[in-house]
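Colleague: Chains A and B, in that order, give the protein sequences. Mapped onto this note's numbering, the consecutive letters of the first sequence carry residue numbers 238 to 446. Mapped onto this note's numbering, the consecutive letters of the second sequence carry residue numbers 238 to 446.
Note that these hints are calculated values from the structure, not bench results. All figures in this text were calculated on a predicted structure; none of them were measured in a lab. Treat the hints loosely; a few may be bogus.
Because identical chains share one entry, a pair is satisfied inside a single copy or across any pair of copies.
As a list, the in silico EDC-like pairs of lysine to aspartate or glutamate whose alpha-carbon atoms are at most 20 Å apart [said to hold, decoys possible]: (1) K344 - D240; (2) K344 - E437; (3) K379 - E408; (4) K344 - D277.
There are 2 protein chains.
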Amino acid sequence: MSDGRAEVRRHAERGSNDRLDGYAILDESLVCHLGFAVDDQPFVIPVTFARAGDELIIHGSPASRLLRHFDGTNEAVAEVTILDGLVLARSAFNHSMNYRSVVCFGKPVVVDDLDERARLLDLVTDKLVPGRRPHLRQMTEKEVRGTKVIRMPIDAISVKVRSGGPGDREEADVDVWAGVVPMSLVAGTPVPADGWEDAEPPRHVKDLA
Amino acid sequence: MSDGRAEVRRHAERGSNDRLDGYAILDESLVCHLGFAVDDQPFVIPVTFARAGDELIIHGSPASRLLRHFDGTNEAVAEVTILDGLVLARSAFNHSMNYRSVVCFGKPVVVDDLDERARLLDLVTDKLVPGRRPHLRQMTEKEVRGTKVIRMPIDAISVKVRSGGPGDREEADVDVWAGVVPMSLVAGTPVPADGWEDAEPPRHVKDLA
C-alpha cells in the first residue's frame with residue numbers, strides 16, 4: 238500500500254503495512270486511542286473497540302459531543318500500542334521499549350440503524366470478554382438507542398514493532414547491567430459483586446487470567 | 238479552569254480538571270499518545286515522555302518528520318490511559334472498564350538548545366527507570382543531536398476516572414456472575430543481555446517489579 242500517511246520512516250526496519258500483523262495487534266488490544274481534529278483543534282480519546290474484517294467498531298458513548306463530527310467525510314486515526322518491555326542499555330541513548338503498535342487511518346461513520354448497532358455492540362462485548370455474551374440478555378431498544386457506535390474503515394494501516402535486547406553491542410564491555418524487563422498487562426483475581434462472593438467464577442471469567 | 242476542550246460532558250461525575258490528580262496519572266504512565274493534525278490529516282503517535290512541572294517532555298525521535306510541525310503555534314493533545322479492570326455486569330449495556338485517563342492540551346515546541354535537550358532527556362530516562370541514570374555515562378553531543386525533544390506546556394487538562402463494581406443494582410437478582418477483573422501492567426523477570434546471565438540485577442532493575 239502506498240499511502241504516505243502510513244509510511245514508517247523513522248526506524249523503517251521496524252515498520253510494515255501488513256494488515257494481518259496489524260490486525261493481530263488490534264485484536265489483542267483492549268483500548269484504542271482515537272484521534273481527530275475539529276476546527277484545527279486535535280482531540281484524542283480512549284475508546285473500547287473491536288475489529289470486524291477491515292473495519293474498526295468503536296463504542297462511542299464516552300465522547301458523544303465529539304463523535305457527531307463523523308459523517309464519513311472527516312479523517313480520523315486510531316492507534317493502539319502494546320508495551321512488551323523496557324530495554325535497558327549501557328547508555329541512556331540506547332534505552333528503548335519493546336512494543337507492538339498500529340496506526341489506522343480512515344473516515345468514521347456513526348451507525349444510525351438500531352439493528353446494526355446492536356449487532357456491532359455484540360462484537361465489542363465479545364472482544365472484551367470472549368465467551369460472555371451468551372450468558373447475557375439481549376440489549377433493549379432503549380439501551381441500543383443510548384449507545385453510540387462508529388464504524389471506521391481501515392483505509393491505511395501502519396505497523397511498528399520492536400523486540401529483542403538492547404542495540405548497544407559496541408559498548409558490551411561497559412560495566413552496567415543491561416537487558417530487558419518484560420512488561421505485560423495481566424488480569425488479577427476476580428472481585429465478585431455483592432452476592433457472588435462464594436461462587437466460583439465461570440469459565441469465561443477465569444479464561445481472562 | 239474553564240476550557241471547553243477539556244470539559245468532561247459524558248459521565249461528568251467521572252471527570253475533573255484537577256492538575257494534581259492528572260499529574261499522578263501521567264507520572265505512572267510509560268507511554269503517551271500524542272495527537273495533532275497536519276493539513277486536516279490527524280495523526281496519533283505513541284511516545285515516551287516525562288512530566289516536568291506543568292510541561293510534558295516528549296522524546297521525539299520515532300516520528301521526526303511529523304514533529305517538525307511543532308513551533309509553538311500548533312495545537313496538540315497528549316492522552317494517557319491506565320486500564321485498571323474489566324467491569325462485568327449482568328447486562329452487556331452495563332459492562333465497563335475501570336481506568337484512569339488524562340487528556341492534556343497545549344502547543345508543543347521542539348527544543349533546539351543542546352544543553353537543555355540533554356537535561357530534558359535525563360528526565361525521560363529517570364522516569365522510565367528510576368534510579369538508573371547515575372549508573373550511565375553522560376550522553377555525547379552526537380547522541381543529543383540525534384534525538385528530538387519536544388516540550389508541551391499543559392495549557393488545559395481533563396481527567397477521567399472510573400473505579401468500583403458494576404453499576405447494575407437494578408439487576409442484582411439476575412443469575413449471571415458479576416464483578417470486576419482487575420488489570421495491571423506488570424514487570425516480569427528481567428532478561429539479561431549477553432554477559433550478564435549470572436549477575437544479580439541491580440536494585441533499580443528489581444524495583445521495577
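Colleague: Next, verify each hint and record whether it holds.
Modeller: How the hints compare with the structure:
{"no.": "1", "hint": "K344 - D240", "result": "within (15 Å within a copy, 27 Å between copies)"}
{"no.": "2", "hint": "K344 - E437", "result": "neither (44 Å within a copy, 51 Å between copies)"}
{"no.": "3", "hint": "K379 - E408", "result": "between (63 Å within a copy, 16 Å between copies)"}
{"no.": "4", "hint": "K344 - D277", "result": "both (17 Å within a copy, 12 Å between copies)"}
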